[in-house]
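**Student:** Residues per chain are reported as follows:
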Amino acid sequence: MAEMTLIEAIRQAMDEELARDADVFIVGEDVGARGGVFRATQGLIEKYGAERVFDSPLAELSIVGVGIGAALYGMRPVCEIQFADFIYPAFNQIVSEAAKMCYRSNGAWTVPMVIRAPYGGGIGGGLYHSQSVEAFFTHVPGLKVVIPSNPYDAKGLLKSAIRDPNPVLFLEPKKGYRLIRGEVPEEEYLVPLGPANVSRPGSDVSVFAYGMMHYYALQAAEMVASENIAVEVVDLRTLYPVDKETILQSVRKTGKALIVHEDNLTGGYGAEVAAIIASEAFTDLDAPVRRLCGPDVPGVPFSPPMQEWFLPNAEKIAEAIRQLDRF
Amino acid sequence: MALTAEMKREMYWWMLLARRLDERAWVLHRQGKIAFHISGIGHEAAQVGAGFAIRRGYDWVAPYYRDLALMLLLGFTPRDFVLGLMGKREDPNSGGRQMPNHWSLRAANVVSLSAPVATQCVHAAGIGLAIKMKKRDQVVLTALGEGSTSQGEWYEAVNWAAIHKLPVIFLVQNNKYAISERTEKQMAVKSAADKACGLGLPGISVDGTDVFAVYEAVANAVAEARAGNGATLIETVAYRITPHSSDDDDRSYRSHEEVEAYKKCDPLQVVQSRLVADGILEEAVIAEFEQRAKEMVDEAVRYAESAPYPDALEAAYPVYAEEVRHG
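Residue numbers (my numbering), protein chains in the order written: chain V, 1 to 327; chain S, 1 to 327.
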C-alpha cells in the first residue's frame, strides 16, 4: 500500500489506462507540457507523447464534441474541462449528443468517453472557479455521474469510467486534490460504477454525502461520536444512476437522514435523495429528512468570510447531526 | 478520376430516385399518412456529387437532415426512408425514436445525427482526429446548411480541422435560406467558403446545381485529405425549392415568382438536359429510370405502411450501452 493524495491517485489511474489501452487518450486545455493547471496529467506527455496527451484549443464545446467523434470512431477519450464552471459551452454536446447517442441510434452508436472536471469551493475561487455542477447532469439519462471522495475510490472509479462503454462525467473535488490522502494498493483494482459505499457504519443518523462534503461528514461523525451519537456515513460516489438500495438500507436502519452537498439547496441532488427516502422509506423515518447545502445564492463568493458562510464544513455538519439526533 | 458515361448515368439515377422519394413524402404528408417531412429537393446534385467522391462504406459521414440523396447513395433504401417517415420499428436510424431524416447507418460509417444544427461538425473533427491518430487513410464528409455556419460548433470544428490538418470535408449546402432567413442574415461575407479561409482552411464555392462540378471539387478535397494535407470546406450554392419543412409556409417570406424562377435551375433538370445533350442519356433510359423509381417508391410505401410500430415499452431502451441487444 502506498499513501497518496487524491490527485496522485487520479493521475495514476490515467497513467495505467494509457499504458493498458492504446485507444485511450487525454485531451484538454494545458494537459500536455503544463501537465494540467492542477497537474493531474503531469508527466503523462513525456511518457505517452503529444499524440495521446493532447492540448486542445481553448474551447470546451469542442473538447467534448471532438471527444464524442473520436469515441464514435472507437477511441477512449478522457476529456479534461479545466474547471467545472467552464463546462456549460459543452452542455449541448454532453446532454444532447453524448448522453442521447445510444438511445437515439437504437444502440448502433455508443460514446465511451470520460469528461473529468474539478468542481467545488473552498479554494478562494469565487463565483467562477468554485461551482458544483452535478445537479445539471444527474438529470440526464444516458450519462453517468461520478464523484470520488478519496484516493482509493478516485483511482478505481476513474479506471472503471475509462473502461465504461458510456459517457461518464467524473467530477473531482478540487479542494481535496492535495488535502485528502489515503492508501492505494500497488496492485490493479477497479471500483465499479454504481454502488454507493457505507464508509462509516452507525445506528443513529444516516449522513449522505459525496466528494468534499463526504470528507467533512466523516470528520463530523467523529466529532459527535464522543457525544454518543453513532453516525452512519454513506458516500454516494456514483450519483447517476443512483444506488437507491444502499440509501434505503441505511435509512431503514437509522430512521434519520441528513443529506449534505455544497451545491445550492433548491433542485440540488439532495432533493432526489430526499424524494427517494420519502417515497420508499416513509414508514421507517423517525424524523424529517434534512438537507445541509449551499444557500440559494448565485455562487461561492470570493472574500473569505463570505466563502465560509456559503460552504458546509465539519462543524456545520456536526451541528446538523446533533439537531437531527435530538428530534 | 474522370467520370465515365456509366457513372454519370448512375449519378442521374440517384438524383432521380431521391427526388421521386422526396416528392412522395410530401404527398404522404398531404394525405395525412406521415406527420412531418423535411426535404432535400434542390440538394441532390450537391449530395450525389459529394457521395461519389468518397469511398462509400470506407470513409466516414456525419450528415445533416436534408441528405436523403447522400444516404441513398450510402446504402439507405427507399424502404428504410419511409419506415423512418412513419416511425416504424424497422427504421434503421433509430427504431422509431427520432423524427425522420435524423440519419444513422453504422454499416456505412454514418454517425447518428441530432437536431441542433452543426453539432455533427465537431463529431466529424473528432472522427478525423481519431483517423489521424490511427494513421489510416480514411476521410470524413460532414454536411450542413449555410445557416449552420453561424454556430459556434461549426467554428470550433473548422478550427480544430485547420490546426491539426484533419481529413475532414465540410460540405456546406447553401440553399439561400435558413427557414426564412436569407444568407445575408447569416454572414457578412459573400460565401461560407470565405469564412473557412479566415480560419485557415481552403474554402471553395461551387455551383450546387452542377453535380459534376461538385464531384470534382469534393474529389480534389478528398485526395488532399487522404494524402494528409488536411481539411477543405466546399460550399455548394443552390436553392431550396421547397418550404423548410412540411410545417413551414414559405409564402410569408418569399415570392412565388422567386421560387418559380429558381425552378428553372433545378439540379435534376440541369443534369438531365446536359446528359441528353451529351448523348449519354436517352429518352428511353429516362423513362426506364422513372418507372423503376416509381416501383421502388410504391413498394417502399406499401412495405412501410404494413410494417409494425415498435411496442410502446421499447421506448424504455437502450439508455446505456449495457442494454443494447444485438442480433
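Just so you know, not all the hints are guaranteed correct.
Claimed, not checked - As a list, the in silico SDA-like pairs of lysine to any residue whose alpha-carbon atoms are at most 25 Å apart: (1) V:K244 x S:Y317; (2) S:K88 x S:F36; (3) S:K165 x S:E184; (4) S:K165 x V:P298; (5) S:K134 x V:A33; (6) S:K132 x V:K244; (7) S:K165 x V:K253; (8) V:K159 x V:G194; (9) V:K47 x S:F289; (10) S:K134 x V:A22; (11) S:K264 x S:A300; (12) S:K135 x V:W109; (13) S:K135 x S:H164; (14) V:K253 x V:K159; (15) S:K8 x S:F289; (16) S:K132 x V:A59; (17) V:K253 x V:P201; (18) S:K134 x S:A107; (19) S:K165 x V:G194; (20) S:K88 x V:W109; (21) S:K132 x V:K253; (22) S:K135 x S:I163; (23) S:K134 x V:A59; (24) S:K165 x V:K159; (25) S:K134 x V:P295; (26) S:K135 x V:A33; (27) S:K88 x V:A19; (28) S:K132 x V:P201; (29) V:K159 x S:M133.
To be verified - Covered stretches of chain S (chain V as the covering partner; in silico rule of three or more C-beta atoms under 8 Å from a C-beta of chain V): (30) 5-17; (31) 153-166.
Unchecked claim - Ranges between beta-carbon positions, derived for each pair: (32) V:P192 x S:A188: 32 to 40 Å; (33) V:L248 x S:G32: 45 to 53 Å; (34) S:D311 x V:E308: 50 to 58 Å.
Since the hints were made in silico from the structure, they are not lab data.
Values in this document were obtained by computation on a predicted structure and should not be read as measured data.
Even for Gly, the Cβ is constructed at its ideal location relative to N, Cα and C.
**Student:** Compare the structure with each hint and give your call.
**Tutor:** Now the hints, each set against the structure:
1. V:K244 x S:Y317: Holds. K244 (chain V) to Y317 (chain S) sits at ~20 Å (cutoff 25 Å).
2. S:K88 x S:F36: holds (14 Å)
3. S:K165 x S:E184: violated (29 Å)
4. S:K165 x V:P298: violated (41 Å)
5. S:K134 x V:A33: holds (22 Å)
6. S:K132 x V:K244: violated (43 Å)
7. S:K165 x V:K253: Since the Cα atoms of K165 (chain S) and K253 (chain V) sit roughly 60 Å apart, the hinted pair is violated (cutoff 25 Å).
8. V:K159 x V:G194: Satisfied, since the Cα-Cα distance of roughly 14 Å is no more than 25 Å.
9. V:K47 x S:F289: violated (60 Å)
10. S:K134 x V:A22: holds (10 Å)
11. S:K264 x S:A300: violated (30 Å)
12. S:K135 x V:W109: Since the Cα atoms of K135 (chain S) and W109 (chain V) sit roughly 22 Å apart, the hinted pair holds (cutoff 25 Å).
13. S:K135 x S:H164: With Cα atoms ~13 Å apart, K135 (chain S) and H164 (chain S) stay inside 25 Å; holds.
14. V:K253 x V:K159: Measuring from Cα to Cα gives roughly 32 Å; hence the hint is violated.
15. S:K8 x S:F289: holds (13 Å)
16. S:K132 x V:A59: holds (20 Å)
17. V:K253 x V:P201: holds (10 Å)
18. S:K134 x S:A107: holds (20 Å)
19. S:K165 x V:G194: violated (40 Å)
20. S:K88 x V:W109: At roughly 19 Å apart (the allowed maximum being 25 Å), W109 (chain V) and K88 (chain S) satisfy the hint.
21. S:K132 x V:K253: This hinted pair is violated, its Cα atoms lying about 55 Å apart.
22. S:K135 x S:I163: holds (17 Å)
23. S:K134 x V:A59: Holds, because 24 Å separates the two Cα atoms, which is no more than 25 Å.
24. S:K165 x V:K159: Violated, at roughly 31 Å.
25. S:K134 x V:P295: Violated, at roughly 48 Å.
26. S:K135 x V:A33: Answer holds: K135 (chain S) to A33 (chain V) is near 23 Å, not above 25 Å.
27. S:K88 x V:A19: violated (45 Å)
28. S:K132 x V:P201: violated (51 Å)
29. V:K159 x S:M133: Holds, because 22 Å separates the two Cα atoms, which is no more than 25 Å.
30. 5-17: violated (count 0)
31. 153-166: holds (count 6)
32. V:P192 x S:A188: 32 to 40 Å: violated (53 Å)
33. V:L248 x S:G32: 45 to 53 Å: holds (49 Å)
34. S:D311 x V:E308: 50 to 58 Å: Between D311 (chain S) and E308 (chain V), where Cβ atoms are some 56 Å apart, the hint holds.
Checked against the numbered hints given earlier, this structure breaks hints 3, 4, 6, 7, 9, 11, 14, 19, 21, 24, 25, 27, 28, 30, 32; the rest are met.
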